[in-house]
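Let chain L serve as the given structure and place chains Z, S and A on it in line with the hints.
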Amino acid sequence: MSCCRKIVHPYIPNSSPETKKEILDFIGADSIEELLVDIPQELRMKGDMDLPEPCLSEAELCRHMDSILEKNTSVRQAISFLGAGCYSHQVPAIVDEIISSGEFLTAYAGEPYEDHGRFQAMFEYQSMMAELLDVDVCNVPTYDGAQAAGNALRMASRIVGRKTVIMAGAINPDRRKVVETYLDSILSIKTVGYDGETGLVDLKDLSEKLDETVAAVFVENPTYLGAIETQGQTISEMAHKIGAMFVVFVDPSSLGVLQPPSRYGADISCGDIQPLGIHMHYGTGGGFIATADDPKIVEEYPSRLFSVAPTSHGEWGFGDVLWERTSFANRDSCKEFVGTHAALWGIAAGVYLATMGPKGMEDLGREIMQRSLYAKKLLSSVPGVKVDRFKSTSFKEFVVDLNGTGKTVEELNRYLLDKGIFGGKDISKEFPELGQAALYCVTEMVSPRDIETLVEAIRSFVE
Amino acid sequence: MSCCRKIVHPYIPNSSPETKKEILDFIGADSIEELLVDIPQELRMKGDMDLPEPCLSEAELCRHMDSILEKNTSVRQAISFLGAGCYSHQVPAIVDEIISSGEFLTAYAGEPYEDHGRFQAMFEYQSMMAELLDVDVCNVPTYDGAQAAGNALRMASRIVGRKTVIMAGAINPDRRKVVETYLDSILSIKTVGYDGETGLVDLKDLSEKLDETVAAVFVENPTYLGAIETQGQTISEMAHKIGAMFVVFVDPSSLGVLQPPSRYGADISCGDIQPLGIHMHYGTGGGFIATADDPKIVEEYPSRLFSVAPTSHGEWGFGDVLWERTSFANRDSCKEFVGTHAALWGIAAGVYLATMGPKGMEDLGREIMQRSLYAKKLLSSVPGVKVDRFKSTSFKEFVVDLNGTGKTVEELNRYLLDKGIFGGKDISKEFPELGQAALYCVTEMVSPRDIETLVEAIRSFVE
Amino acid sequence: WDEPIIFQLSEPGHRGILLPCAGSEVEAEVGDGLSSIPSSMRRTDLPELPEMGQLQVLRHFNHLAQENLGVDYNIDIGQGTCTMKYSPKVNEGFVSSHKVADIHPCQDQSTVQGALEIMYLLGECFKEICGLDYFSMQPGGGSHGALAMASMVKAYFRDKGEDRDEVITTFYSHPADAAVPIAKGFKVTVLPPDEDGLPDLDAFKAALSERTAAIFFTNPEDTGIFNSRIKEFTGLAKAAGALCCYDQANANGLLGIARAKEADFDLSFFNLHKTFASPHGCGGPATGLVAARDYLRDYLPAPLVVKNGDTYSLDWDLPKSCGKVKSFYGTLPSIIRAYAWIMSLGADGLKEASMIAILNNNYVMKKLLAIKGLSMAYPHHGARIEQVRYSWGKMKEDTGFGTGDVQRRIADFGTHYWSSHEPWVIPEPCTIEPSESYSKEDLDEYCAILERISYECYNEPETIKGAPHNSTIHHVDHDVLDDPTRWAITWKAYKKKYDGYFNKK
Amino acid sequence: WDEPIIFQLSEPGHRGILLPCAGSEVEAEVGDGLSSIPSSMRRTDLPELPEMGQLQVLRHFNHLAQENLGVDYNIDIGQGTCTMKYSPKVNEGFVSSHKVADIHPCQDQSTVQGALEIMYLLGECFKEICGLDYFSMQPGGGSHGALAMASMVKAYFRDKGEDRDEVITTFYSHPADAAVPIAKGFKVTVLPPDEDGLPDLDAFKAALSERTAAIFFTNPEDTGIFNSRIKEFTGLAKAAGALCCYDQANANGLLGIARAKEADFDLSFFNLHKTFASPHGCGGPATGLVAARDYLRDYLPAPLVVKNGDTYSLDWDLPKSCGKVKSFYGTLPSIIRAYAWIMSLGADGLKEASMIAILNNNYVMKKLLAIKGLSMAYPHHGARIEQVRYSWGKMKEDTGFGTGDVQRRIADFGTHYWSSHEPWVIPEPCTIEPSESYSKEDLDEYCAILERISYECYNEPETIKGAPHNSTIHHVDHDVLDDPTRWAITWKAYKKKYDGYFNKK
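Chains as they are written, first to last, in the working numbering: chain L, 882 to 1344; chain Z, 882 to 1344; chain S, 3 to 507; chain A, 3 to 507.
The set of hints was computed from the structure by calculation and includes no laboratory data.
Quick caveat: nothing in here was measured; it's all calculated off a predicted structure.
Be a bit skeptical, because a hint or two may be false.
Facing chain L, a subset of chain A residues (Cβ under 7 Å, in silico) [to be verified]: (1) Ser41; (2) Arg45; (3) Val73; (4) Glu119; (5) Phe330; (6) Tyr365; (7) Gly502.
In this text, a Cβ means the ideal position worked out from N, Cα and C, and glycines have one as well.
Just chain L, with the same shape it has in the complex (with noise of 0.2 Å):
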């Protein structure tokens, strides 16, 4: 149904014909034809865009949009036991309000002193990360954590001065895919498996593989298959004693119950925000590197770092630590790039850590084992059904482990999904070592009361 009427577009005021024409006869032009003089016409898109007639108003918007939209299914409308790198956790309301506070959500790159909320709010968002990981220096937030890892992994090599790195144990295939394409042409990477009894780190296919040529190991903790590593000390000494750096990448909503990667050793820790009270978004990030403060790894960083520093009235200032290390500075001889990242994802994770504070970070801990060892323990009574895989424990995801069923991975999701519920994440494609195998995962968000509506499906699908 096209409109009938002469169109002054909300978002483009001076598209009024009267705006229009004084300003043309400011500039002496008869048309805005007139100022594309450069753009010659073998360059000029012929005809129009055939683009879909548009909702010139709102309510028509909402209409076409909502009814798109509506074609989604969201984890509130469902029970969801997805996790493999992207978490639904509780965003507390608050988070939601200040990100979308027009000051912040409509910000961008201005100066301390007209945009010091946006400065402060980011220093802010970096200490409350280090007393979490227990460091003191982190970064402005990357596009996400596998980037952190990328990035952490190049710093290891400038640092060390080599470049290959290992990569140890059961490592997320969707992360360790971007990983590769920020290292490719410039490191190479071995891999070490994991240990098939304990899910951990393969202490001996690592040591066979450490050698004088590898500027670091990196290992997720918990690992993608959920068991807490509990090698890391061992593990960063074999590093070390190498010369090599050891990179940790870890879940932050782990760190009010599990000790920081930087107690065991890691020289560099890192890890995908999103847990920290960002909603997933079909998989959104925000990606943090942090170690310790130290001058010949602050200047491997290619991140944004802000301080706090004095001003002359004596209020708390901020600005950028070593400007001339970004390639906003200096392109043209950057080691890595730095660009629009994910700030306003850093400030909700700053609202967060200020919202749950240490109290709410232990028990986010408590109720994730909780939970974790009620469906295990709910799901170990159904027959067939196995969730001791690995003898090691778990934090938040685990491997339930059909093979003794019968069934295929595939074919309880599609039962599942028939009640409501999003099962496991099927990693039998992914670890075919596993067999039919899916990847658990169990926050605060999932009720024992979910739980219990789970094994009853199950059971009642395997039986």
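Coordinates of chains Z, S and A only, in the frame set by chain L:
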């Protein structure tokens, strides 16, 4: 499932035991209980309140609330033809953005210095209403249009010094009940009917009942049954002739295309601002009263009235006109009362009017007219359905007469509901003389396609 | 920001939003729509509203917002009697959902079961909170709650055939407790405070008669003093055949502690926007929930929400009802917020809120009374409930600066301060109500500001005289506001009276 | 506000939010959960995060927000190259809906058809907008888009078995066009500007060789000058066997006017947060949508969104793919906003946006060039596209005040001003990009501010020296920021290095 941890509530920071103790120590009390000395035991509640187990976390609260609210079907999920005093119009997103800002949402009653923004926003609201209504004075919103009508009639009574008012024509019955409450024990009401042929005020009946005891004649325009009341000038002259005032309740959404009451002799215009960018919320509202800038009239307003005022430094200052007039200043000898009414809706309506501008209000009127005409045209093609019960022009609402179909409105509406359509309001009980009749409302939110869907459904029902 | 009046921002032809367009096919069917309007009623000139792009409108109101102070932005304990507590943000999500925002009051009740259920459940909660039996959520604010009560009193005695037209209230009750019954046609007696600051019992006895329809009492009163003898008053009133109406605007110190029921009230109202954490919205919309004893159910405003099995519905069958006070059924957003707030705290949490509100109030009281020039009314009441009315009378004597001067100056510290309801019997009053929402550090900071201002009044008078210094605007000329030739209640009126900046035409 | 660092607001035991509690029954079943953690990994000390009530956290960040300036609050045309346009509020409703915010990337594709459909439809729109054929929305920003292009170039030549390791970019292209290929291991040649400010064609010919993998060009460049000869460059590059990569960060003046296709580019990226109205969020999250010719489809980051019948799905079957640049599939919020923005304007509206952006830019240019001390680079290009790089070189010579001084002072007028990307070849540069979002009055006001500052530089130097005067903070000591013994990147580090206010330990 009862919580097994000790609670320090996020909304009650000093419930932290550490803080509680610090404060008690400072006060010199051992317990808060000690501070309750003035409340005798016999007035104390025995035992605890028996309330449901709380949802202490936001996640649990959201699940609980979602599970209840899910049971509502909103007009975004249906096609709605309901009006009758509450209207579904396009609400610009910036209206919600601004009235949900903490600065306006959580403020109350500050002074012109620190709450300057509220004063200015309210002055601007009054001013934009004045343009729409073509008057010089408009008040801060009352609870709703019904109160505004009640207030207006009481104002008229005090100004004229008489104790009877006439309510003429087809009046919204729900609104009338509220007006009666406002007038009860103070004024008496005479009722004048509507002309059976036109649906407009029955002038003969009016002239019979109009005498020198009458303080005011009250009409709605459009009338409850949707007709544009074209006899305003005549009624005004009749009222003025015997020294009565003319009070018109007007739908502000019509005023881009219909004459404002002040132009056909209304001494007081009043109405509901809900159509101006305020969500329906199951029936909310905010009332306006608007008049000439005559001190005799201004004196009689019960509401706050903000004026612009100069400041010592040349800014735009604001303040309350004739503060001593209000019940805030003068409770013991007040004429009416004022209190927390509906200021936020006033800000909403102000943002709405500024966003719409003159052309937006005209477009609104045109869209309503075109769509209503289209609906009436299509409906009249359905066998037995009549839309020309009254020989007058309607705006936004009109009567659909089902008497020729042999079906009841209730039956039809049940049928429509199954198809996701909210049929027009059943008025066969309110206006028994009309038989099986429904009041249909068509705003700009009802698309031509929606109308076609309705008509197809009705056709399949009656055939 | 030095923000212009919005009309000054208008630019010709600019648009803030477009309307859905019915399209040329419909136009071909029915014409332009406008020409069918009878010509006498057709407006052809457009209203002179501002013409602005959407960003320009948004920015203007954002600037105005930033010139406003809400609970979310300051330590809002200086607006005593208003209970400026935190309105949890999580509740805003419920209210802004289309499931609440976009439902129509005439929808079939099967499609609004969620709304009805919450109204019903909130009533169930209030059965415990106040001990009374039936509820109406129709009133749009506290005064409106008083109107509902006054209307019910009328309806009750009309039904009983008794001719009673007097109401008794007290000096430190809210202004509405006098104003509303007066507006409803009652004669109102305002009891003076006795030496304890409480309503004078002898005066009460003298006022009470067979003409007395009702008493309208706030308790604790705006002094923060709980009337320990309240049951004597209600007892005497009942003995005289009057109804006892409880203004519970000051309930924030009483949840789970003292109720209307135990004090023998018949009717009561609560401000959901004060005690129950619905935000104040610059002054509404709000809800003044009315509660009644079972024997007064019939007089409540219709309709009531009732439950049959698992279904909720509206009961309009109240032939003796006092009528309606508001179109439709009430302000759903504040009803939902109040319910959510109660559910987020539970019985223990509600009581804790009151206990901490009391603790905070007594803490602030002790700190403030140490400030030079500041005292409180009725000082021998050592412990207060949730607020205290203070007096700068001594400072006024000493320095000439009183509560109005403090009010001007405090704007410079980015916070609020409200003198008190009129009339001022306590000299140079102010009322501080800390509520449970503020932390110890917040309270310390606020007290320090008042201490600083006192210091300035005594030692740096020039600072006070010129205040506010940091506010958006400077001293407002108030004379204009009472002068019909100079006030300008709308921009239209301004343009008629003035040229430029207040140059009278 | 003089807002403390958040750690200074901590009060012992205060809580901002509670977690759902599994309850005592679960605890009875499985214990406290924590004791099952291996002791070497069990953290027993709690992280020293601030302890605050919810209102206190909210108020703190609200105060910080008020110390920040977004598009919604100022005339944000001073951050040239950033395209600070209005992000329509209506789109925020879509993004904050649980249908977008709360969906998981591993959900069964049948439950995320809405998300996939919008990604698909947005691609369809871009087929028209840039004329290329396939799209990835994985990149999280403009530089990330460049990374995707650089990775695709690698993958392409690896697949072809060609060993090319050089990239050519231009001086006034975005910094990322040099920085990203360098980071990806390419050798990068930066073409200097010729006397017209455009990339030097001779230098280009000299740089081009069989080692050249790709060119990375921005057009118009950050000067606002459109490179009319762009097709000569792409033609030469293609003749040399290189791929042509188009950085479309400056596309806001070209919608419906000039496209990647007509200029013969192979790859291109767009910033959905600049040209397509997704808000900048203080610097992301964002999307750098990558577009490719059909013959480069195989090298795009996996997965792509495809349509089969009425069903949308993710196609992972791209064995030659350059890999992934981001976990999962991209930043859905900016994808949705961009789609909604396009749908709210349509083809005519998009072109109108560009036309008005150009009009506004040329208007501002004429006004600014009348200001004393301000000139523009390459003045003989009389008409510019969507932005202009100006120079205060003359004023610096005359008064000693340059672009940094203007930047300090403009904060006092409540708006932004950005010098320019480094390195500064144009002396004392600044870049103004008016976009289509600002009204004539807005533009006039901004120009008047710069005029006023120029006046002050020439006539009231003291005003400039002490600036900013009205900002929250005063002059920041920048030396600290480059000194490892003095910088403090976290509060933890601050406490180790300092006592009180910057007293070195």
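task: Output the numbers, in ascending order, of every earlier hint that fails for this structure.
output: When the structure is compared with the hints, numbers 1 and 7 turn out to be violated.
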